Structure formats: C-alpha cells, structure tokens
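Peer 1: Next come the chains, spelled out residue by residue.
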Amino acid sequence: MMQTETSRTLRETESKWRQLAETAPDIIISIGPDGRILFINRTIAAFSKDEVIGRLATDFVQPDHIPTMLNALDKVFTKAIPAEYEILSHDSKKQPAWYSTKIAPVIINGKVISATLITRDITERKLMQEELEQARDSLEIKIQERTAELQSWLSKLEATLEATADGILVIDLQRRAMTYNQKLLQMWNVKDEDMVNYVSGTLIAAIKDQLKDTEDFLIKTEKIYAHPNEKSADTLEFKDGRIFERYSQPQKLHGVVVGRVWSFRDVTKQRNAEAERDRLLMNEHQARLDAEKSVRARDEFLAIASHELRTPLTPLKMYLDWFKREARKMTVEMFPKAQVLMQALDHTDREVSKLVNLTDDLLDVSRITAGRLVLNKEPMDLVELVLQAQERHLENSKRRNCTIIITTNGPVKGVWDFNRLEQVVNCLLSNAIKYGAGKPVQVSVLKENDRAVLRVEDQGIGIAPEDREKIFERFERASSIKNFDGLGLGLFISREIVVAHVGTVSVDSEIGKGSTFTVSLPIEEK
Amino acid sequence: MNELSSEDVKYLHSKHIHPIMVIEDDDDIRELMKAMLEAEGYYPITATNGKEGLALLSQIPKPCMILLDMMMPVMDGWTFSEEAKKNSLYKSIPLLAVTAFADQITSKENFYGVLKKPIRIDILLDIVRHHCPSEKLQ
Numbered sequence: 001m002m003q004t005e006t007s008r009t010l011r012e013t014e015s016k017w018r019q020l021a022e023t024a025p026d027i028i029i030s031i032g033p034d035g036r037i038l039f040i041n042r043t044i045a046a047f048s049k050d051e052v053i054g055r056l057a058t059d060f061v062q063p064d065h066i067p068t069m070l071n072a073l074d075k076v077f078t079k080a081i082p083a084e085y086e087i088l089s090h091d092s093k094k095q096p097a098w099y100s101t102k103i104a105p106v107i108i109n110g111k112v113i114s115a116t117l118i119t120r121d122i123t124e125r126k127l128m129q130e131e132l133e134q135a136r137d138s139l140e141i142k143i144q145e146r147t148a149e150l151q152s153w154l155s156k157l158e159a160t161l162e163a164t165a166d167g168i169l170v171i172d173l174q175r176r177a178m179t180y181n182q183k184l185l186q187m188w189n190v191k192d193e194d195m196v197n198y199v200s201g202t203l204i205a206a207i208k209d210q211l212k213d214t215e216d217f218l219i220k221t222e223k224i225y226a227h228p229n230e231k232s233a234d235t236l237e238f239k240d241g242r243i244f245e246r247y248s249q250p251q252k253l254h255g256v257v258v259g260r261v262w263s264f265r266d267v268t269k270q271r272n273a274e275a276e277r278d279r280l281l282m283n284e285h286q287a288r289l290d291a292e293k294s295v296r297a298r299d300e301f302l303a304i305a306s307h308e309l310r311t312p313l314t315p316l317k318m319y320l321d322w323f324k325r326e327a328r329k330m331t332v333e334m335f336p337k338a339q340v341l342m343q344a345l346d347h348t349d350r351e352v353s354k355l356v357n358l359t360d361d362l363l364d365v366s367r368i369t370a371g372r373l374v375l376n377k378e379p380m381d382l383v384e385l386v387l388q389a390q391e392r393h394l395e396n397s398k399r400r401n402c403t404i405i406i407t408t409n410g411p412v413k414g415v416w417d418f419n420r421l422e423q424v425v426n427c428l429l430s431n432a433i434k435y436g437a438g439k440p441v442q443v444s445v446l447k448e449n450d451r452a453v454l455r456v457e458d459q460g461i462g463i464a465p466e467d468r469e470k471i472f473e474r475f476e477r478a479s480s481i482k483n484f485d486g487l488g489l490g491l492f493i494s495r496e497i498v499v500a501h502v503g504t505v506s507v508d509s510e511i512g513k514g515s516t517f518t519v520s521l522p523i524e525e526k
Numbered sequence: 527m528n529e530l531s532s533e534d535v536k537y538l539h540s541k542h543i544h545p546i547m548v549i550e551d552d553d554d555i556r557e558l559m560k561a562m563l564e565a566e567g568y569y570p571i572t573a574t575n576g577k578e579g580l581a582l583l584s585q586i587p588k589p590c591m592i593l594l595d596m597m598m599p600v601m602d603g604w605t606f607s608e609e610a611k612k613n614s615l616y617k618s619i620p621l622l623a624v625t626a627f628a629d630q631i632t633s634k635e636n637f638y639g640v641l642k643k644p645i646r647i648d649i650l651l652d653i654v655r656h657h658c659p660s661e662k663l664q
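Quick note, the sequences are listed as chains A and B, same order. FYI, the numbering for the first sequence is 1 to 526, going by my numbering. FYI, the numbering for the second sequence is 527 to 664, going by my numbering.
This is chain B alone, in the form it adopts within the complex (with noise of 0.2 Å):
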C-alpha cells in the first residue's frame, strides 16, 4: 500500500502542484519510475492498482497526468480508464498507458497514448514534460 501521509496531502494542496500518478503493480517498475521522477523534479504519486489509483483521485490536486499500466490485480487498467473517463473531474487527465504488449491495447480512446515497456525514458520524459509541471524547471 502506498503511504500518502496527511502532511504530504496537505502539502500538496498548499503548493497547488499537480503531481503525476503511476498506477503499477510491480514494485520495481513502480519505484524507478518515482525515484527516476523525483530526480527530474516531478511529484509522483504512486498506487499498486487501479481501485487504490481511483481512492488517492478523491485526495489530492487533480494529477497533471497518469501512467497506467494495464495488467494488474484487483482493477486493471482498462476498467480505471473506463471510471476515471465517467468522471467528470478527472475526464480530462491525460492517460498514458504503459503496458509490455502494445497490442493489449485495442481502443486507444481513452489513451492519450500508449507506450511499451520496457520505456524508453527519454520518450517518456518527453512526454510528461508537455503536461506536468518540474521543479526544476520553475
């Protein structure tokens, strides 16, 4: 389980930053992917599947952007995509899908893309650096 502590949420809300979600079940893939974030001045928010992901939307500022995986316990990834797409405060949050077969993936709708694992971290930076704000870069 992910340990969002009160402090962190309230720091959040204070700062008014957007942090982006990583929704994954593998703890390796999980903690690079936030370790890799942290260094690159993002705040990442992570959770092990979707049921948590959709728990921790209710909480914090709305995230600058998600990375979903798709294959996970509990909540895959396409049934988060399919409740966070009904909702209208988090409609509009840019999904990335992240998966180890791109062609699990056979409706892009809800996607604002799709990339392959293992991620290139060039790509993916790129990505998120349209979306989400960096401490370094303020």
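Only chain A is shown next, with the shape it has when bound in the complex (with noise of 0.2 Å):
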C-alpha cells in the first residue's frame, strides 16, 4: 500500500514535472550518467523527440563545445554538485545563437542517477550585452576624445594668452582675477602675489597712481563696470609716457555675462612712430610750401624785372631808330663822323634789340610758367612766314656766310597764332645759322597728310645726344650747356608754343655733322 501510494506519488509527480517541462520556454534534458539521453520536452533541431531519446547528448553539440559539455556533467556526475556554461552554436534555422545551460545532478538515496540540463537560448541578451558594451566603450572613447579636445584647446588658450603681446585679465562678477598672463604683470608692475589676493579694488589700487590721470582712469573704468553688457575701448596714459590702449568685452556663459576679459595694448612706440612721421609729413610739407614759395617768388621777380627792364628799352630802342633815321640824312660835310656815328648807332642798335628780345624771351617763360600763353589764331600761310624770316635774317646770314635753302610744294596753309610761329621759326633759324658753321641751312616747309612740317636742318656742330632734350628745357638745365648765348630759352619758349598748338617739336643730331629740328603743327584747326 505504502508502495502503491508512493509510485502513485512519484508517478503523479512526474506526470506534474512532464507538464511543467512541456510547458517551459527551455530545454529540458534529463542525461543518465552514461551520458545517453533519457528525456527532452521538445524537439530539437530537425530531430524528433524519439530520434533523440537514448542517443548520446554529444551527438547533438557542436565538436568544438563536447569538452565544455562533458567537463560539466562530469562535475555533476562525480561530485554531485550543479554546473552551468554558455556556448555559442546554431538555432533551428541554422543562425548563430547562444545558448546556457544549467546542470543539476537528480540525487537518489545519495547516488546521482541522472542529469537535468536546462538549455536557454540567451542570443539576445547576449546581443544586448555586446551593445551595452559597445555602448559603453564608444562612450568611453568619446569622453576620452573630448577630454584631450579640452586639453588641447585649455594649451592652446594657455599658449595663447603667454604669446599674445597684449595683458590680458579676466575678471568675475565679483571683480576677482580669473586668469591673466605674464605680460599683464610686466605691463603694469604687480607681482603674482598681487593677482592671487586681488579682490576689488585692490589691482587698481596697485596700479592707478602710474596713470597720468588717476581721477579720470577711476570713472572711465567704473563707468565701463556699470555697463556689463557692452565693449570698451580707450586709451590710458602714464606717468612715464607710455601708452595703453585698453580694450574690454563682457565674457559671456550661455548668454549670460559671467566676467570681464580687459586687453591692454602698449602703443607708445606706434604712437611716437606716428607722431614723428606727422612730424615728418608736416616739415616735409612745410619745406614744400617754402619751395613752392619760392618758386611763386622767383617767377613773380621774373616777371616784374623782365616787365620792368622791357619798360624803358622801348622807348630807347625807338630813340634809336630815330637817330639812324635822321643820321643817315647826314653827309660828311655835314659832319665828317657821319660814317663812324652810323655804325655806332648801328651796334648799339643791335645790342638794344638783344636785350629787347633777351626781356622779351623772360616776359614769355613768365607768362608760360603762368599758363598765360594766349594765341591769336588766324588763317595763315607758313610758307609766307618762312619766306618773310628768310628774309629778315638775310644780314645775320651773310655775316656768316651762310645760305638759307628753302624747300616748299606751294602754299601751306592753317589757323594758327602768326607772331608765335614768327618767334619759333626765328628761333630755329637763328640757331641753325649760329651753328651751322658756315655751311648752308636747309628749310623745308611742307604738307603731309594732315600736318604742316617745317624742318630746319643745318650741317654744324650738332648736339650731344644727353643734351637733345635739355636744350628745351628752361633756363635752369639749359645754363649748363655749353656754346650757347644768352639764356637758351628760345628752344623753350618755342616747344611751349608749338604744344600750345597742339603740334610737336624734335630734334635728330650727330656731333659734327649737323643737327635737324623738325616741327609739325596740326592743319585742321578752326
């Protein structure tokens, strides 16, 4: 009866345990201590319950977990004690899975007669786990990045703060020094001991009698204080003369002011530089209006001396004249010096009209220098006037044997101011005879296309290349050139008269074998 109850017993307590094991999400393996399988609550694989039953439990695990497998129920086989492992192998559908198992020894009377495995497929636990780690070291790896980030940037600042040439403090809400840099100290002559105490006040204690303006330095620097939200710029002035530029700008924290970054620039050098070149610019300035001065003085002297020499050389020049007129009327019997006093009045007669024209020739570089060089203009023929001063140089030509060749192809004719070109082409052919030694003067008057050119060429002394275009310039460079009378300006007054009509004047030389200016003057002008 005992019996029966308690096989009855056993038998109602395995029919609970197979239900309990049927229903269980694990896998239930009973293994006896040969190792065969005795019990499984659900398929595994593609085996069937009975394919598995009675089979070797290794048959079933991978070769490589057989060890693992057979150390632990070898632990529960001998030593009576449970052992569990996790391996990795397949699920039914051949994906890579983990799976633990548990195993627990079924103790009978003392005598492990069997093994109960209980299998869990833990794959996504497992998976979990690889992420959280996963999770974990990228989060380590980035706090890692980020801290050296931060220490680079706190170096870079640091280096930055010590390189820059500017002190540079900040300073909190409570006006306490939160950073500044060397240069800072030197700038303003405090020692660290200063800063590491400096709590309101007591910097600007230390370094206000330096300023020039301590007074005005206090207000300036609580009236930016007063202001937390804007910039300041201003400059500071010392005692020892040196300058400060002194810059500040609130330091903000996600948008709120939290401190203070002042910049102090030592600008006394760049200042003194400044003010020296403003003093330089204003010497230089000053010496160019004494020049120009001088200058305006010069050519005003110009123009009154000349004005005032020409005045009564007209009048003698035309007494002159006269006394030729009525001492040609004169005979020896008359008066028996009539012969001498003719050719002395004749070479006082020449000599007058040369400082005629040398005054003449002043009042014109005045009266150019001034852009008071007016022409008249009116229709006229060239030819006519180079015929006319062949003409009048007749006599200066004999005298030195000279003759003058006039080329022409008929008239040519444009609107141009007379007396001025009568004052070029006497110019040219005075200085073509001059120097022309001896030899004879070829004048050409010609048109071609829309000019009127008129060449004046000799066979004299020629001009030296470095002089060609001194000879036109005015009185300064020409006096140093050598065989040339009075004051050279002809060649300048001409050139000026010839741009003023728009034309052009150059000259082609060889020493010793002659020299040829050439003038071209614009025909179609009204």
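In case anyone wonders, no lab produced these hints; they're calculated from the structure. Since the structure is predicted, the reported quantities are computational estimates derived from the model, not experimental observations. Check before you lean on any hint, since a few could be wrong.
[Unchecked claim] Straight-line distance between alpha carbons at most 25 Å, and here's what the computed PhoX-like set of lysine-lysine pairs gives: (1) K377/A x K642/B; (2) K183/A x K156/A; (3) K398/A x K513/A; (4) K560/B x K324/A; (5) K642/B x K324/A; (6) K354/A x K642/B; (7) K16/A x K102/A; (8) K191/A x K156/A; (9) K398/A x K324/A; (10) K183/A x K252/A; (11) K617/B x K577/B; (12) K560/B x K541/B; (13) K329/A x K560/B; (14) K588/B x K611/B; (15) K588/B x K560/B.
Hints in hand, dock the two standalone chains.
Peer 2: As structure tokens, then:
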C-alpha cells in the first residue's frame, strides 16, 4: 500500500514535472550517467523526440563544445554539484545562437542517477550585452576624445594668452582676477601675489598712481563696469610716457554675463612713430610750401624784373631808331664823322635789340610759367612766314657766310598764331645760322597728311645725345649747356608755343654732322 | 596833363589841320613820338590815357590818325577804341594800336593796324604818311 502510494505519488509528481517541462520556454533534458538522453521536453533542430532519446547528448553538440559539456557533466555526476556553461551554437534556422545551460544532479539515495540540463537561448541577451558594451566603449572613447580636445584647447588658450603681445585679464562679477597672463604683470608692474589676493579695488589701487590722470582712469573704469553688457575701448596715458590702448568686453557663458575680459596694448612706440611721421610730414609739407613759395617768388620776380627792364628799353630802342633815321640823312660835309656815327648807332641798336629779345624771352617764360600763353589764331600761310623770316635773317646769314635754302610745294595754310610761329621760326633759323658752321641751312615747309611740317636742317656742330632734351628745358637746365649764348630760352619758348598749337617739335642730331629740328602742326583747326 | 592852349586849338581850326593824336601813358615814349612826328612835319596832339583822348577829340579838328597805347591807367586802349567806334564822328579815324605785346590784341576789328613796341620808326612813318598831311610835303 505504502509502495503503491509512493509509486502513485511518484507518477503524479513525474506527470506534473513533465507538464511543467513541456510548457517551460527552456529546453529541459535529462541525461543518464552513461551520457545518453533520457528525456527531452521538446524537439531540437530537425530531430523528433524519439530520434533524440537514447542517444548520446554529445551527438547534438558542436564538436568544439563537447569538452565543455563533458566537463560539466563529469562535475555533476562525480561531485554531485550543479554546473553551468554558455556556448555559441546554431538555432533551428542555422543562425548563430548563444545558449546558456545549467546542469543539476538528480540524487536518489545519495547517488547521482541522472543530470537535468536546462538550456536557454540567450542570444538576445548576449546581443544586448554586446551592444551595451559597445556603447560603453564608444562613450569612453568619446569622453577620452573630448578630454583630449579640451586639454588641447586649454593648452592653446594658455599658450595664446602668454604668446600675445597684449596684457590680458579676466575678471569675474565679484571683480576677482580669474585669468591673466605674464605680459599683464609686466605691463602694470605687479607681481603674481598681487593677483592672488586681488579682490575689488586692490589691483586698481596698485596701478592707479602710475597713470597721468588717476581720477579720469577711475571714473572711466567704473563707467565700464556699470554697463556689464557693453564693450569698451579707451586709451591710458602713463606718467612715464607710456600709452596703452585698453579694450574690454563681457565674458558670457550660455548668454549670461559672468565677467569681463580686459586687454591692454602698449602702443607707445606706435604712437611715437605716428607722431614722428606726422612731424616729418609736417616738415616735408612745410618744405614743399617753402619751395613753392620761393618758386612763386622767383617767377613773380622774373615777371616784374623783365617787365621793368622792358619798359625803358622801348623808348630807348625807338630813340635809337629815330637817330639812325636822322643820321642817315647826314653827309660827310655836314658831319665829317657821319660814317663812324652811323656804325656806332648800328652797333648800339643791335645790342639794344638783343636786350629787347632777352627781356621778351623772360616775359614769355613768366607768361608760360603762369599759364598765360594766349594764342591769337588766324588763317595764315606758313610758307609766307618762312620766306619773310629768311628775308629778316639775310643780313645775319650773310655775315656768317651761310645760305638759307627753302624747299616748298606751294602754300601750307592753317589757322595758327602768326606772331608766335614767327618766334619759333626765328629761333630755329638763328640757331641754325649760329651753329651751322657757315654751311647751308635747308628749310622745308611741306604738307604731310593733315599736318604742316617745318624742317630746319643745318650741317653744323650738332648736339650731344645727352643734351638733346635739355635744350628744350627752362634756363636752370639750359644754362649748363655750353656754346649757347644768352639765356637759351628760345627753344623752351618755341616748344611751348608749338605744344600750345597741339603740335610737336623734335630734334635729330649727330655731333659734327649737324642737327635737324622738326616742327609738326595740325592743319585742321578752326 | 597835356597842355593844349586855346591858341593852339584856334590855329588848328583856322588852318584846317588834321592832327595826329598820340595816346600813351609812358612819358618817354609819348615825348619821343611827339618830337619825332613834329620833326617830320606832322601835328601831334598827345593824351596820357583814353579818357583824356576822348576829351581832346571834342575840341580839335578830326585827327587824321590815332596812335593808341593799349595798357593805360584810367581808360585803356580797348575801352577807348570801343568809345571811338560808337561815335559816328570818330569811327572813321584810323586807329593804330601800339602795344608791347601784339598778342594782347585778340580782336583787330576796331584797328587799322597793330604795331609792336618798340616801334620801328620807318614803318610807323610809312603808315602815317598815307593818312596824314605833313608840312614838309606841302
């Protein structure tokens, strides 16, 4: 009865266990001491329960994992203590899957009669764990990266702070020095200790007496602190002559003002250099003004002097002219020295004429310098002008044994200033005669395209290349040229006259062979 | 100021002499012209500026020619020429501009001619001879 009772109870228990086992999510396997499967609660892989039962448990484990399993079973059977292991295998769909297996001994009468394996698919847990680990790893990497970045920034900041030529000071809202650089200490003549103890006012107290205007400095500083959101820029002047530019701006954290950054720049050298430059510019400007003034004074003097010289020359020349006219009427009977008197008057007249020409040149130069060269243009014939000029130079050319040969192709008409062009032709002709060494002077007046071209060619001494431009310059240059009589203003004035006519004048020359002056004037001008 | 006596004026009118008027502010030049023209048998009447010249014109017989300096105080040669040409009595008198700078005469309309100072006496007398009677030639 007892036995029946017991076996019934046993059966019921077994039945309950089987039920439990079959509804459990885990795989429950019972293995005998011989390693063969006694029970399995569900099919595994492609095998039916019947195919599994009675076979060695190791048959269903990947060869790699067999030792792990055997080890655990051995522990359970020989030592009667539970064991567990985790292995990587495949699930029913041949996908990699993690399994956790717990093995417990079934002991009856102190003897291990079987082992119960509970195997659970822990792939999901494993994956989560892995992800978690990965996340933790990457978080750690990120923290390391940010820390390194921050350190790099800090070191850059520190290096910058020290490398900058400006003194820098960061003050918090309680006016404590939070950061500063060594330059700041140098500039303000303060020590690190002063900065450590720096609370409101102490730094200011240490430095304020260095300034030229302490009162002004204090007022300005308080005004800046009174507007914590605003930037500032001002200049500080020191008793020792130094000048600082002072800038400040609010230091903000998340948009909130937490302090103020001050920077100080020593601009003493720069300011001094600027002042020096201004002074030099001033001097230069003054020197230029002085030079302009003296040039103006010279030109004014020139204008006045030439005008004043010219005034008495006019009646002098006219009287001489009259005397000559009257003297010509004298006969030797009337006045035995009539001939000598006539010659003397001629000489005097020539010299006075030279003086008149010189003063006229000076007047022209002062007129040109003042920009008052006025042209009175009228229709005229350049050939006629040249022929008249030849006539006028006849006496002069004969005296020098020089022939003037004129080449033309008929009239060359244009609208020009007759008197002024006459001056140009006179100048070129008298130069050609003077430097022509007694050889013929060729003059041509031709119409070439739309221009009237006058060429005066001598076969005389020629002009050195370095003097070819100089001869057209004003007296300060021309005076250095040898072999030129008078003031050498003729060519300068001639060029100005030609240029005023929108023409050009040029010279070709060879030393010892002669010179050719070419004047080109536009014809179509009304 | 030019001293022209009432006798002089009477003489000119009675003899029907047409004088040469010389208007020139430079004393030396004015005196030279006067002396030279007189020596050549002409009748020069002088004035030191345009205004004086205009005043004289109303007193004397119509001049045969006027030698006119351009740059003068009080009234310059340009103004004088404008005034003279406005008056129907005087507009036919030949005006000879006498100037140190010929280029100062920008409009030659009012002038019979322009002479540059220093004047060439020969040229001046050539011109004058065509317009004025001379005692020498009579």
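Peer 1: Need the list of violated hint numbers for this structure, in ascending order.
Peer 2: none
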